[in-house]
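Residue numbers (my numbering), protein chains in the order written: chain A, 1 to 558; chain B, 1 to 210.
It is worth saying that the hints were derived from the structure and are not from the lab.
Think of the CB as a built atom: it goes at the ideal place given N, C-alpha and C, for glycine as much as any other residue.
A hint or two may mislead.
Residues from chain B that keep clear of chain A, each with C-beta distances beyond 12 Å, as calculated [stated by the list, open to error]:
#1 Arg9
#2 Ile104
#3 His119
#4 Gly162
#5 Ile169
#6 Met203
#7 Val207
For each label pair, taking beta carbons as the anchor points, the in silico distance ranges come out as [unchecked claim]:
#8 Leu42/B <-> Arg347/A: 47 to 57 Å
#9 Ala140/A <-> Gly115/B: 28 to 38 Å
#10 Gly162/B <-> Phe47/A: 28 to 38 Å
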Amino acid sequence: MSDGALIYVRHQDKEENYLQAGHTLASWLTTTDHKRIAILYAFAITFFFFIGGLAVGLIRLELMSPGGDFLTDDAYNRLFTLHGIVMVWFFLVPSIPTTLGNFLLPMMIGAKDVAFPRLNLMSWYIFIIGACFAILSIFAGGVDTGWTFYTPFSTMFSKGDVIAAAAGVFIVGFSSIASGVNFITTVHMLRAPGMTWFRLPLFVWAMYATSIVMVLATPVLAMSLLLIIAERWLGMPIFNPANGGDPLLFQHLFWFYSHPAVYIMVLPAMGVVSEIFACFARRRVFGYAMMVYAMMAIAVIGFFVWGHHMFVAGQSQYANLVFSFLSFIVAVPSAIKVFNWTATLYRGQITFEAPMLYALGFLGLFTVGGLTGLFLASVPIDVHVTDTYFVVAHFHYIMVGGSVSAFFAGLHYWWPKITGRLYSEAWARFAAIVMFLGFNTTFMPQFIMGYGGMPRRYHVYPPEFQVWHVMSSVGALVLFVAYTLPLIYLTWSLFYGRKAGDNPWAATGLEWQTASPPPTHNFTELPQVTAPPYRYHPEHQAPDAERRQPETVQGGEP
Amino acid sequence: MSETSPVLREPWPSVARQRMAVSFGMWVFIASEVLFFGGLFLAYAVYRLLDAEAFRIAARETDVFYGTTNTAILLTSSLTMAMAVHGAERGFRRMTIRCLEATIVLGLVFIVVKGLEYHDDLAKGLWPGPDFALHPAATQLFWAFYWIATGLHAVHLSIGIGIVSVITIRLARGTLPIQATAFEGVALYWHLVDTIWIILLPMLYLVGRA
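Next up, chain A with everything else stripped away, as it sits in the complex (with noise of 0.2 Å):
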């Protein structure tokens, strides 16, 4: 199996793959193959990344001057509210899971589709139709929530249309639950032969994490914001203290998905780095049941440390307490994980390509974000640096360092195998590199600014912090053009890229045991699984520098 050759035999013949199945429109709209709908996803939320990343360009022009002399206070409120609703609904929480997880997930356990094919097309419809409702929100005025939606603001106060953006994030919800099912029942029952759970990669394991948090979490989200919507428009009293109500409980149930949602937008990114990390330092991943585990106990912990982001909210002290102590215990698979990603690249024979590139810039920014989120989880430091821009630097190192770092990362690494082309190695080694500068030229200033008491969502803010702002805004202008780099380098490649061949990196897992592009059944034959993942060398021996041949594959057709 070592040797390829075999492989390259198989697929002279090979049948059409799942681009050739269909070139109309009509052909991809109504397509059950995940590869397709993970292809109709990621049009979706490039668009709304783009479509977020522009109305965050507005805000930090705005924020290079402290006057706040370019926009007023209203289309400002409703600038950030339209960047956070679009990027952790429309972009974050779908990105990884429903594009590189819809495409790979059964091609890595062997499967010829996800266990509910029609489900899949159906739940991108339902994004489609949230993301509607946005987009009227939007035209219609916008929104001056924040993200978050807070009560009695939202209810009774707001003059924007929260009730069409709820409705959207509230429809987009269902996509995400509809995408849970389908991945929790496809790991659970259409496993190939010999893949036993243990020898599942680890992005199996974190969509698995994943979906379980997203089946789980988001139904609470879904309920907060319908009471929301029935107090907006039916004038049901539900969060209203003349009444009796409590505001306070809306923040509860919403935080019970929002926190848990972090680990949807985090988790993903951990499998893909897995995968990457494992591939390019040709090593067996260090700690691979404790990865599993730890990955596990972040999507069950998460569910428990929802009260960190209320400490000044009037919770009692026992009750802070009781979350603080909850969020560091959160914070002990994440070091775990980083240890063990550490430990991966010891000894390794490790070669600098564009997704090792990304994967590394996510485990610096990664430990970054995560090291803050334990200043943050201390409630002495968070009463301090509550609602500055501390806590917006800390969990954008998160979400965009993490998360948007790996989904970068997984893209180019899977981009020969979903394409079948080869992008231009240089120019993706330099955006990712701008990418990791630009980032911390955004957001390591506004650590320093928060911390000296710059507050969150205010565009009149005294000289002092100019500064920072002013650098932080050309870390956003060097970020944006990072971002907008792959997509002229990725779409080049499409029609000029070189061939890649079935498995360009010589790694182990299943999908690249395929052709790429894969054909519509993903493979020809039903693959069997003779080998746990990540056999890149033999064990108890350190890779050989001279030999870029896995040991064994994790298995292929018969």
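Position chain B relative to chain A; hints supplied.
Relative to the frame of chain A, chain B by itself:
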């Protein structure tokens, strides 16, 4: 093996596996639904703790006759649904169709009874707002939960009636074979809607009458 069965779909290797997956997937979805209504029940519990007296006053105004009647109707519909699944498992096509039809009718009767009840509630001025009939103000909270919970339940039930109608029509027309794997999944959903009602009954109708 049943590789050539007309009900086998991509990507399944066998009908048995496909059948298991339908139930499995539905159970996962049910877990999601439990959390959905769980959020509502939590909010209800919090407010009841905060103002038990207002909840007692408000809960007395629900119509226990309609509530009890509807409970009986819905429980019977779950029985006919369960019989339909058993019929399908044994290949009794006509019995399955009859049971599914009975389920649809009972579901519709539930909605009609609920409509009559809503009519009475509105006539009694129990829609929260400035003209609300009860005092103190927190009684409106209870009725907000009443309208939201029963409304959501009715939406779930209507979706259930729609799905059951589709499979019944397709079964009667012969476009859906009796061996199809859908029945148990649909039945699970139906029982879920039933179970939610069983929680709503004490929450809304019995709690003020203890």
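Hint-by-hint comparison with the structure:
1. Arg9: 8 Å, violated
2. Ile104: Correct as stated: the minimum Cβ-Cβ distance to chain A is 23 Å, above 12 Å.
3. His119: 17 Å, holds
4. Gly162: Its Cβ never comes within 12 Å of chain A, the nearest being 15 Å, so this holds.
5. Ile169: The assertion about Ile169/B holds, with a minimum of 19 Å to chain A.
6. Met203: 15 Å, holds
7. Val207: 17 Å, holds
8. Leu42/B <-> Arg347/A: 47 to 57 Å: 51 Å, holds
9. Ala140/A <-> Gly115/B: 28 to 38 Å: Given range 28 to 38 Å: holds, Cβ gap about 33 Å.
10. Gly162/B <-> Phe47/A: 28 to 38 Å: At roughly 32 Å between Cβ atoms, Phe47/A and Gly162/B fall inside 28 to 38 Å, so the hint holds.
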